[in-house]
Amino acid sequence: MRPFFLFSLLILTACGGHKHTSTNLGTTTTKELIQEKGAPESEVELPENQGTLVLYPEDEKYQSEDGIITTKFRNPNASEKILLYWKHKFKLCETKIKKLNAEESELSCKSKGQSVIYSEGSAFISRIVEYESK
Numbered sequence: 092m093r094p095f096f097l098f099s100l101l102i103l104t105a106c107g108g109h110k111h112t113s114t115n116l117g118t119t120t121t122k123e124l125i126q127e128k129g130a131p132e133s134e135v136e137l138p139e140n141q142g143t144l145v146l147y148p149e150d151e152k153y154q155s156e157d158g159i160i161t162t163k164f165r166n167p168n169a170s171e172k173i174l175l176y177w178k179h180k181f182k183l184c185e186t187k188i189k190k191l192n193a194e195e196s197e198l199s200c201k202s203k204g205q206s207v208i209y210s211e212g213s214a215f216i217s218r219i220v221e222y223e224s225k
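Throughout, the numbering used here is defined as the position within the sequence shown, counted from one, plus 91.
Watch out, some of these pointers could steer you wrong.
To be verified - BS3-like cross-link-like pairs, simulated, lysine-lysine; straight-line CA separation at most 27 Å: (1) Lys180 / Lys190; (2) Lys190 / Lys152; (3) Lys178 / Lys189; (4) Lys152 / Lys203; (5) Lys178 / Lys190; (6) Lys178 / Lys201; (7) Lys203 / Lys122; (8) Lys190 / Lys203; (9) Lys172 / Lys152; (10) Lys152 / Lys178; (11) Lys122 / Lys172; (12) Lys152 / Lys180; (13) Lys128 / Lys203; (14) Lys203 / Lys189; (15) Lys180 / Lys203; (16) Lys128 / Lys172; (17) Lys182 / Lys203; (18) Lys172 / Lys189; (19) Lys190 / Lys172; (20) Lys190 / Lys201; (21) Lys187 / Lys172; (22) Lys180 / Lys201; (23) Lys182 / Lys201; (24) Lys187 / Lys201; (25) Lys178 / Lys203; (26) Lys122 / Lys180; (27) Lys122 / Lys152; (28) Lys201 / Lys189; (29) Lys172 / Lys201; (30) Lys128 / Lys152; (31) Lys152 / Lys189; (32) Lys172 / Lys203; (33) Lys182 / Lys172.
What the hints assert, rightly or not - Each pair of labels, with its calculated beta carbon distance range: (34) Gln126 / Gly212: 41 to 49 Å; (35) Asp157 / Glu127: 13 to 21 Å; (36) Leu191 / Glu136: 17 to 25 Å; (37) Arg165 / Glu194: 14 to 22 Å; (38) Glu134 / His179: 29 to 37 Å.
Read the hints as simulated data drawn from the structure, not as lab findings. Think of the CB as a built atom: it goes at the ideal place given N, C-alpha and C, for glycine as much as any other residue.
Based on the provided sequences and hints, a complete structural model is requested.
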């Protein structure tokens, strides 16, 4: 019984500092996001009626359209920075590569609702984009 208790305590301690958010893209409202994550650093209206961008610390951004969160942009954590990680994660997914500009491309997996932005000729990604998968 004691090893189980120690293991449970270890798990609770390890997870205690991490704030999990339950943002469901396509259904969570901007108001619900702010209630869950707290006040954003700023909110920016996007041009051409493309919605609003809600900015949080550590370069985490949420795009909303008509008050509904549709897209999340974030930096990769340590294990997610390698492009090979994403190619492996998307192994069973039909992927597409789209050139964004002269330096950057996007590898996307529509069925998972995820894509990653990386520099051409680099093995590292710079951003993760999550969107409502349909």
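Results of checking the hints against the structure:
1. Lys180 / Lys190: 20 Å, holds
2. Lys190 / Lys152: 22 Å, holds
3. Lys178 / Lys189: Holds - the C-alpha atoms of Lys189 and Lys178 are around 15 Å apart, at most 27 Å.
4. Lys152 / Lys203: 19 Å, holds
5. Lys178 / Lys190: Between Lys178 and Lys190 the Cα gap is close to 17 Å, so the pair holds against 27 Å.
6. Lys178 / Lys201: Holds, at about 14 Å.
7. Lys203 / Lys122: OK: Lys203 and Lys122 at ~25 Å, within 27 Å.
8. Lys190 / Lys203: The given pair, whose Cα atoms are some 20 Å apart, holds under the 27 Å limit.
9. Lys172 / Lys152: Within the cut-off at roughly 18 Å; holds.
10. Lys152 / Lys178: 24 Å, holds
11. Lys122 / Lys172: 31 Å, violated
12. Lys152 / Lys180: Holds. Lys152 to Lys180 sits at ~23 Å (cutoff 27 Å).
13. Lys128 / Lys203: 24 Å, holds
14. Lys203 / Lys189: 17 Å, holds
15. Lys180 / Lys203: Roughly 10 Å between the alpha carbons, so the hint for Lys180 and Lys203 holds.
16. Lys128 / Lys172: 24 Å, holds
17. Lys182 / Lys203: Judged against 27 Å, a Cα distance of about 11 Å means the pair holds.
18. Lys172 / Lys189: At roughly 19 Å apart (the allowed maximum being 27 Å), Lys189 and Lys172 satisfy the hint.
19. Lys190 / Lys172: Within the cut-off at roughly 19 Å; holds.
20. Lys190 / Lys201: Holds, because 16 Å separates the two Cα atoms, which is no more than 27 Å.
21. Lys187 / Lys172: Holds, because 19 Å separates the two Cα atoms, which is no more than 27 Å.
22. Lys180 / Lys201: This hinted pair holds, its Cα atoms lying about 13 Å apart.
23. Lys182 / Lys201: Satisfied, since the Cα-Cα distance of roughly 13 Å is no more than 27 Å.
24. Lys187 / Lys201: It holds: about 8 Å lies between the C-alpha atoms, which stays within 27 Å.
25. Lys178 / Lys203: 13 Å, holds
26. Lys122 / Lys180: Distance ~32 Å between Lys122 and Lys180 Cα, so the pair is violated.
27. Lys122 / Lys152: 15 Å, holds
28. Lys201 / Lys189: 13 Å, holds
29. Lys172 / Lys201: With a Cα-Cα distance of about 20 Å, the restraint between Lys172 and Lys201 holds, given a limit of 27 Å.
30. Lys128 / Lys152: 12 Å, holds
31. Lys152 / Lys189: Holds. Lys152 to Lys189 sits at ~21 Å (cutoff 27 Å).
32. Lys172 / Lys203: 18 Å, holds
33. Lys182 / Lys172: Holds. Lys182 to Lys172 sits at ~17 Å (cutoff 27 Å).
34. Gln126 / Gly212: 41 to 49 Å: The hinted range 41 to 49 Å holds for Gln126 and Gly212, with Cβ atoms some 43 Å apart.
35. Asp157 / Glu127: 13 to 21 Å: Because 19 Å falls inside the window, the suggested range holds.
36. Leu191 / Glu136: 17 to 25 Å: 23 Å, holds
37. Arg165 / Glu194: 14 to 22 Å: 20 Å, holds
38. Glu134 / His179: 29 to 37 Å: The hinted range 29 to 37 Å holds for Glu134 and His179, with Cβ atoms some 36 Å apart.
Going through the hint list in order, the structure does not satisfy hints 11, 26.
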